[in-house]
Amino acid sequence: EPEVTQTPSHQVTQMGQEVILRCVPISNHLYFYWYRQILGQKVEFLVSFYNNEISEKSEIFDDQFSVERPDGSNFTLKIRSTKLEDSAMYFCASRGQGAATEAFFGQGTRLTVV
Amino acid sequence: GESVGLHLPTLSVQEGDNSIINCAYSNSASDYFIWYKQESGKGPQFIIDIRSNMDKRQGQRVTVLLNKTVKHLSLQIAATQPGDSAVYFCAEDGTGFQKLVFGTGTRLLVSP
Chain D
1 EPEVTQTPSH
11 QVTQMGQEVI
21 LRCVPISNHL
31 YFYWYRQILG
41 QKVEFLVSFY
51 NNEISEKSEI
61 FDDQFSVERP
71 DGSNFTLKIR
81 STKLEDSAMY
91 FCASRGQGAA
101 TEAFFGQGTR
111 LTVV
Chain B
1 GESVGLHLPT
11 LSVQEGDNSI
21 INCAYSNSAS
31 DYFIWYKQES
41 GKGPQFIIDI
51 RSNMDKRQGQ
61 RVTVLLNKTV
71 KHLSLQIAAT
81 QPGDSAVYFC
91 AEDGTGFQKL
101 VFGTGTRLLV
111 SP
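Those protein sequence lines, which keep their order, are chains D and B. When we follow my numbering, the leftmost residue of the first sequence carries the number 1, and every step to the right adds one. When we follow my numbering, the leftmost residue of the second sequence carries the number 1, and every step to the right adds one.
Treat the hints with care, as some may be off.
Stated by the list, open to error - No farther apart than 30 Å at their CA atoms in a straight line, the calculated lysine-lysine pairs in the DSSO-like style are these: (1) B:42 to D:57; (2) B:68 to D:42; (3) D:78 to B:68; (4) D:42 to D:78; (5) D:57 to B:68; (6) B:68 to D:83; (7) D:57 to D:42.
Unchecked claim - Just a sample of chain D residues kept apart from chain B, beta carbon distances all over 12 Å, derived: (8) 37; (9) 43; (10) 47; (11) 48; (12) 78.
As the list claims (entries may be wrong) - Derived, one-sided and incomplete: chain B residues facing chain D with beta-carbon distance under 7 Å: (13) 34; (14) 42; (15) 49; (16) 100; (17) 104.
Please keep in mind that the hints were generated in silico from the structure rather than gathered at the bench. Computed from a prediction, not measured in an experiment: that's the story for all the values here. Note that CB positions come from ideal geometry on N, CA and C, so glycine has one too.
With the hints as constraints, model all of the structure from the sequences given.
Spelled out as structure tokens, the structure:
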């Protein structure tokens, strides 16, 4: 069964450092997303990406965040200068084409900023 | 603004019981709804979905009911098993492929 894969599973970084979280969406999917989940809280939308550009972003997704699809398979989330409050699980998701299709989520990257 | 909320943070049931998890949404323009299951340390896993032109959809041991009049969504799990223990999120999609808005989650605890 196709799946969304994310690396690394756990990333520890010092405050102020840049991190890149990596995702390989399902191969024939066209819509890509990043969500985050602070421990014990709900899953929050960060950004959606379609046709090589951001289609929507939340207020969380400020200038410190960026996304990229550098090739035909990877989808990355970069945080330029991490803050303590960026500590969370970050989930990548992808969806195929067609109305009312489910989003498939990866297993997540746990980001810990110290 | 749009929001998706859940009535109960934790639901405890006995194995074999039927479970009902509820969700309220506020965006009347939402046209697609999904229930996700999240086990500890894992990503959300799709359970069942429903479009706004339906009021009921059944899967294997699960049923989703949609009441658009009161903007309410529920997930029914028949013969709940210990493996069903997880956090369940409802999510709504009112803008096509742009994003899913998740509720706060209900933790289901199943006792043997």
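Going down the list of hints, with the structure as the test:
Of the supplied pair hints, the one linking residue 42 of chain B and residue 57 of chain D holds, its CA atoms being roughly 24 Å apart against a limit of 30 Å. For the suggested pair residue 68 of chain B and residue 42 of chain D, the alpha carbons sit about 23 Å apart, so the restraint of at most 30 Å is met. About 39 Å separates the Cα atoms of residue 78 of chain D and residue 68 of chain B, which puts this hinted pair outside 30 Å; it is violated. Of the pairs offered as hints, the one joining residue 42 of chain D and residue 78 of chain D holds, with about 22 Å between alpha carbons and a cut-off of 30 Å not exceeded.
As the CA atoms of residue 57 of chain D and residue 68 of chain B are separated by approximately 27 Å, the hinted pair is consistent with the 30 Å bound. For the hint linking residue 68 of chain B to residue 83 of chain D, the alpha-carbon distance of about 41 Å lies beyond 30 Å, and the restraint is violated. Between the alpha carbons of residue 57 of chain D and residue 42 of chain D the distance comes to roughly 17 Å, so the proposed pair stays at or under 30 Å and holds. A Cβ of chain B approaches the Cβ of residue 37 of chain D within 12 Å, the least distance being about 9 Å, so the stated non-interface status is violated.
Distance check on residue 43 of chain D: its Cβ comes as close as 4 Å (rounded) to a Cβ of chain B, failing to clear the 12 Å threshold; non-interface status is violated. Here residue 47 of chain D does not stay apart from chain B, with its beta-carbon only about 9 Å from theirs, under the 12 Å limit. Residue placement check: residue 48 of chain D does not keep its beta carbon more than 12 Å from all beta carbons of chain B (closest about 5 Å). Taking the minimum C-beta to C-beta distance to chain B, about 20 Å, the non-interface status of residue 78 of chain D holds against the 12 Å cut.
A hinted interface residue such as residue 34 of chain B counts as satisfied when its beta carbon comes closer than 7 Å to some beta carbon of chain D; here the least separation is about 6 Å, so the hint holds. Annotation: interface hint on residue 42 of chain B holds; nearest CB of chain D at approximately 6 Å, less than 7 Å. At its closest, the beta carbon of residue 49 of chain B sits 6 Å from a beta carbon of chain D; the interface hint therefore holds under the 7 Å criterion. Satisfaction of the interface hint for residue 100 of chain B is found here, the shortest Cβ-Cβ separation to chain D being roughly 6 Å, below the 7 Å cut-off.
A hinted interface residue such as residue 104 of chain B counts as satisfied when its beta carbon comes closer than 7 Å to some beta carbon of chain D; here the least separation is about 5 Å, so the hint holds.
In this structure, the hints that do not hold are numbers 3, 6, 8, 9, 10 and 11, in rising order.
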